[in-house]
Amino acid sequence: MTPSLIHLAEAQHSAPVTDWSGRIAWVAGLLVFVIFLYWLMREGWKWRGKLQGDLPELPSAPDAPGEPKLSMTGRYHGSTTAGQWLDRIVARGLGTRSRAELTLTDQGLAVVRPGAQDFFVPAAALRGARLDKGIAGKVLTEGGLLIVTWEHGDREIDSGFRSDRAEEHPAWAAALTALSTARTTTEHTETEGAR
Numbered sequence: 001m002t003p004s005l006i007h008l009a010e011a012q013h014s015a016p017v018t019d020w021s022g023r024i025a026w027v028a029g030l031l032v033f034v035i036f037l038y039w040l041m042r043e044g045w046k047w048r049g050k051l052q053g054d055l056p057e058l059p060s061a062p063d064a065p066g067e068p069k070l071s072m073t074g075r076y077h078g079s080t081t082a083g084q085w086l087d088r089i090v091a092r093g094l095g096t097r098s099r100a101e102l103t104l105t106d107q108g109l110a111v112v113r114p115g116a117q118d119f120f121v122p123a124a125a126l127r128g129a130r131l132d133k134g135i136a137g138k139v140l141t142e143g144g145l146l147i148v149t150w151e152h153g154d155r156e157i158d159s160g161f162r163s164d165r166a167e168e169h170p171a172w173a174a175a176l177t178a179l180s181t182a183r184t185t186t187e188h189t190e191t192e193g194a195r
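In the UniProt record's numbering, the protein residues as written are 1 to 195.
In short, the hints are calculated from the structure, not lab data.
For every residue, glycine included, the Cβ atom is placed at its ideal position computed from N, Cα and C.
Among the clues, some could well be false.
Pair ranges (Cβ atoms, derived) [said to hold, decoys possible]: (1) Asp106 - Glu167: 35 to 45 Å; (2) Leu131 - Gly44: 22 to 32 Å; (3) Lys138 - Ala178: 23 to 33 Å.
With a Cα cut of at most 30 Å, we get these calculated DSBU-like pairs of lysine-lysine [what the hints assert, rightly or not]: (4) Lys46 - Lys138; (5) Lys50 - Lys133; (6) Lys133 - Lys69; (7) Lys50 - Lys138; (8) Lys133 - Lys46; (9) Lys69 - Lys138.
Put together the whole structure using the sequences plus the hints.
Right, here's the structure in full:
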């Protein structure tokens, strides 16, 4: 054998063997970390619900809600403290995103949510509506969300909805604002008449 072949044979080595125990340990560690993060988020959600435990039960729709003025199907994206789009409200099921069917009558706004708790916003509790681009956990283009402001207990709440047909949003905002303004004007007139 020539010296060059000996050096060539000595230079060849087999490929390094994969250390499976090390890789399995990294994957298991990563999995434990992800589960821990999920547990922390879940505990934070439950803790927020306990902090908001003073929120009264949500009203249900009356037996005779009246003739529908508007109806809409779409998604419910959650509720926040009015004016604070990141302060999510999770108590009483208001934190659960879902499909939603909205019906507006002279009595108020009925929100039917398959798979989640339905609720009703009486006309007297409506404080207005606007088009916006975001609510806690959901950001869209400008005007992509219909935000309904209403009062429940001693708290003002913003609830975010997105219609399956976004072109419906302006009509809804106008109708909700008109209903809340008309109700406020009527209550103000009745109060002054009583004096």
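Status of the hints after comparison with the structure:
no. : hint                        : verdict
1   : Asp106 - Glu167: 35 to 45 Å : violated, 24 Å
2   : Leu131 - Gly44: 22 to 32 Å  : holds, 30 Å
3   : Lys138 - Ala178: 23 to 33 Å : holds, 26 Å
4   : Lys46 - Lys138              : holds, 20 Å
5   : Lys50 - Lys133              : holds, 28 Å
6   : Lys133 - Lys69              : holds, 25 Å
7   : Lys50 - Lys138              : holds, 23 Å
8   : Lys133 - Lys46              : holds, 27 Å
9   : Lys69 - Lys138              : holds, 28 Å
Violated hint: 1 only; the structure is consistent with all others.
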